[in-house]
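Chains as they are written, first to last, in this note's numbering: chain A, 88 to 443; chain B, 88 to 443.
Just so you know, the hints here were simulated from the structure itself, not pulled from any lab data. None of the values given here were measured: they were computed from a predicted structure. Warning: the hint list may mix true and false statements.
Just so you know, same-sequence chains aren't split out, so a pair can sit in one copy or run between any two.
Unchecked claim - The calculated lysine to aspartate or glutamate pairs, modelled on DMTMM-like cross-linking and capped at a C-alpha distance of 25 Å, are:
#1 Lys257 <-> Glu151
#2 Lys257 <-> Glu417
#3 Lys257 <-> Glu149
There are 2 protein chains.
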Amino acid sequence: MPSSGDSPASTPANRLQPPALPVDAAVADLSERELIARIQQQLPAAPPWLLVGIGDDAAVVEPERNRLEVLSVDAVVEGVHFDRRFTPPTAIGHRALAVNLSDLAAMGATPRLALLSFALPAALPCRDFDEIVAGLAALARRHRLHVVGGNLTRSPGPLVIDVTVSGTVKRRQLLTRSGARPGDEIYVTGSIGAATAGRQQLSDGAGDAAGHNATRFLYPEPRVRTGLLLGRNRAATAAIDLSAGVADGVRRLAEAGGVGAIIESDELPIDDDTRVWFTGRGLDPIAESLSGGDDYELLFAVRPRVRHRLRAVARGGDIPMTRIGVCTRETAVVLRRVAGDPFSDTPLPGGYTHFR
Amino acid sequence: MPSSGDSPASTPANRLQPPALPVDAAVADLSERELIARIQQQLPAAPPWLLVGIGDDAAVVEPERNRLEVLSVDAVVEGVHFDRRFTPPTAIGHRALAVNLSDLAAMGATPRLALLSFALPAALPCRDFDEIVAGLAALARRHRLHVVGGNLTRSPGPLVIDVTVSGTVKRRQLLTRSGARPGDEIYVTGSIGAATAGRQQLSDGAGDAAGHNATRFLYPEPRVRTGLLLGRNRAATAAIDLSAGVADGVRRLAEAGGVGAIIESDELPIDDDTRVWFTGRGLDPIAESLSGGDDYELLFAVRPRVRHRLRAVARGGDIPMTRIGVCTRETAVVLRRVAGDPFSDTPLPGGYTHFR
Numbered sequence: 088m089p090s091s092g093d094s095p096a097s098t099p100a101n102r103l104q105p106p107a108l109p110v111d112a113a114v115a116d117l118s119e120r121e122l123i124a125r126i127q128q129q130l131p132a133a134p135p136w137l138l139v140g141i142g143d144d145a146a147v148v149e150p151e152r153n154r155l156e157v158l159s160v161d162a163v164v165e166g167v168h169f170d171r172r173f174t175p176p177t178a179i180g181h182r183a184l185a186v187n188l189s190d191l192a193a194m195g196a197t198p199r200l201a202l203l204s205f206a207l208p209a210a211l212p213c214r215d216f217d218e219i220v221a222g223l224a225a226l227a228r229r230h231r232l233h234v235v236g237g238n239l240t241r242s243p244g245p246l247v248i249d250v251t252v253s254g255t256v257k258r259r260q261l262l263t264r265s266g267a268r269p270g271d272e273i274y275v276t277g278s279i280g281a282a283t284a285g286r287q288q289l290s291d292g293a294g295d296a297a298g299h300n301a302t303r304f305l306y307p308e309p310r311v312r313t314g315l316l317l318g319r320n321r322a323a324t325a326a327i328d329l330s331a332g333v334a335d336g337v338r339r340l341a342e343a344g345g346v347g348a349i350i351e352s353d354e355l356p357i358d359d360d361t362r363v364w365f366t367g368r369g370l371d372p373i374a375e376s377l378s379g380g381d382d383y384e385l386l387f388a389v390r391p392r393v394r395h396r397l398r399a400v401a402r403g404g405d406i407p408m409t410r411i412g413v414c415t416r417e418t419a420v421v422l423r424r425v426a427g428d429p430f431s432d433t434p435l436p437g438g439y440t441h442f443r
Numbered sequence: 088m089p090s091s092g093d094s095p096a097s098t099p100a101n102r103l104q105p106p107a108l109p110v111d112a113a114v115a116d117l118s119e120r121e122l123i124a125r126i127q128q129q130l131p132a133a134p135p136w137l138l139v140g141i142g143d144d145a146a147v148v149e150p151e152r153n154r155l156e157v158l159s160v161d162a163v164v165e166g167v168h169f170d171r172r173f174t175p176p177t178a179i180g181h182r183a184l185a186v187n188l189s190d191l192a193a194m195g196a197t198p199r200l201a202l203l204s205f206a207l208p209a210a211l212p213c214r215d216f217d218e219i220v221a222g223l224a225a226l227a228r229r230h231r232l233h234v235v236g237g238n239l240t241r242s243p244g245p246l247v248i249d250v251t252v253s254g255t256v257k258r259r260q261l262l263t264r265s266g267a268r269p270g271d272e273i274y275v276t277g278s279i280g281a282a283t284a285g286r287q288q289l290s291d292g293a294g295d296a297a298g299h300n301a302t303r304f305l306y307p308e309p310r311v312r313t314g315l316l317l318g319r320n321r322a323a324t325a326a327i328d329l330s331a332g333v334a335d336g337v338r339r340l341a342e343a344g345g346v347g348a349i350i351e352s353d354e355l356p357i358d359d360d361t362r363v364w365f366t367g368r369g370l371d372p373i374a375e376s377l378s379g380g381d382d383y384e385l386l387f388a389v390r391p392r393v394r395h396r397l398r399a400v401a402r403g404g405d406i407p408m409t410r411i412g413v414c415t416r417e418t419a420v421v422l423r424r425v426a427g428d429p430f431s432d433t434p435l436p437g438g439y440t441h442f443r
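Next comes chain A alone, as it looks inside the complex:
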């Protein structure tokens, strides 16, 4: 039927735009089915391995041969992980998926599929709903991840978005938290503290929402490519993502490996914009950047004699990597304030937690 190919609804350019609605429409004005259709309209065509997608009781997929599967779930909750007053809907959608992709990155896995579960307040504007989905779908496309199913329900309280992701990895390329050994060097991708500074700027209404720090908070970039290359080049002995901050990450990596760690305060990659923000508020950039969450960088350990493998990772990766410390036999986890001076060591501050 050539006519169906010509209809606006099925041309690729239009397929990613849901149909227009009255500007003041809320999600409660639509049926579950209509909302699902609006999600589907923003998704690309199904990949060949997806045998049954959205619209049946469950999704059916063909597993990838000779790969392990890596599964993770993470939720973002209004009033806990974001504030709708200063978080644009696209950023909410982006974050909901990014936090999950960051978990896959930390395992060295290639993202494959996601399931979305939304609990929607009745008054949520449809426009916001569409933009949340758009933010999520855009990040999914960049990582070639396909949304295969989900669930919509009403929420009598906050907006909650639960995302489950699945990725794949070859057995020998899997990264876990638990392989760090004494002498391994500790690296971090990108820079730290910017997301914490950005969160403060936005909640105070004190900063430019398009500025460096705010952007880092609103649109965290999961380090998928770097995670993949660390696994592929067998460059890291252990890895973790920094959802709860560097200090928390170092502690967990050390604990899982049965080692301690010395983090060199001079080596921490803190951007100038971030230092300026904290200093201007009378805060210590190092302490704030260590304990602040939301960085979504990777922290990993590297055996010194295979340090050269990092070159291949740096060439193909998406972000610089900085050596910030070393694993020790002694199980204490400390911050060395003066390079080379053990007497300047203090315990690493606590991590950031959304829970308490």
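Position chain B against the provided structure of chain A, taking the given hints into account.
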């Protein structure tokens, strides 16, 4: 180290009981890590295919050979799907998993793993949290499903439990919604309407919480075994679970197959306790049972010439099956009020939806 084998914490009998806490402890009194530990203590030992379980950034599993994977996510939200005033915590946990297992059952899949995502109000008593997990873990054990990971977050509003499940199925044994053809007979497992009656009884405080209807609402039994046998015996051309009621299920099955349906009102399996409840309140048991949700029975279509295959399903299955109608070429979906009399046909009432 023989001493560790002797310690109470590691004996199998104790492993399924989390440590005692003050009776008035709330989840906000515990760290995320302590709460995760309380979940783990209620889970059985990891199966061999689970390479990395709770405690890393993501779970890592070995896929099952020569099987397709079936994935589903479903949420239960306080104030939408359950009311904590009359739903015991074990029933909340049971339901959170049961609704997902029901989706797997409708695809003919064997449950394999689950990921749990909890959004917890700070004041939720720890005792309730433990019992929610116990209800979920008990149902998981019965279906040999393993909890491989999850997420905990605070909720500033209602309790939300999101469960993602994955199951496996051989390609030729997969059931979908879309295979029904004109002439196929429509069957339903178990009985309908009891859960709706039970929900009313409980919310009115009018019924015995241990009575038949209330139990059906509180502890829905996913028809996993029957779904599996329908697929294995290639007895059904299409199947769907009845989360939103029979009327909704028939409509969706018919729509997916491009057929219509006649449902015989005399054939609907409605238990005496359920009839009595509705009749006593001046309600029509048939209308209520058709449009009420929460049944979590399976609805499926059977080609008459392979009807004998149902015998094997009935022998091995967990529940009776009742023929309630037939698929038609004409795409209308109707209720036949008098057997054999097309003039008694009326449109099937609408389904139950949690969304609006």
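Hints and how they fare:
1. Lys257 <-> Glu151: Both, since 10 Å and 15 Å are each at most 25 Å.
2. Lys257 <-> Glu417: For lysine 257 and glutamate 417, neither the intra-copy (33 Å) nor the inter-copy (51 Å) Cα distance is at most 25 Å.
3. Lys257 <-> Glu149: Cα proximity of lysine 257 and glutamate 149: in one copy and across copies (16 Å, 11 Å).
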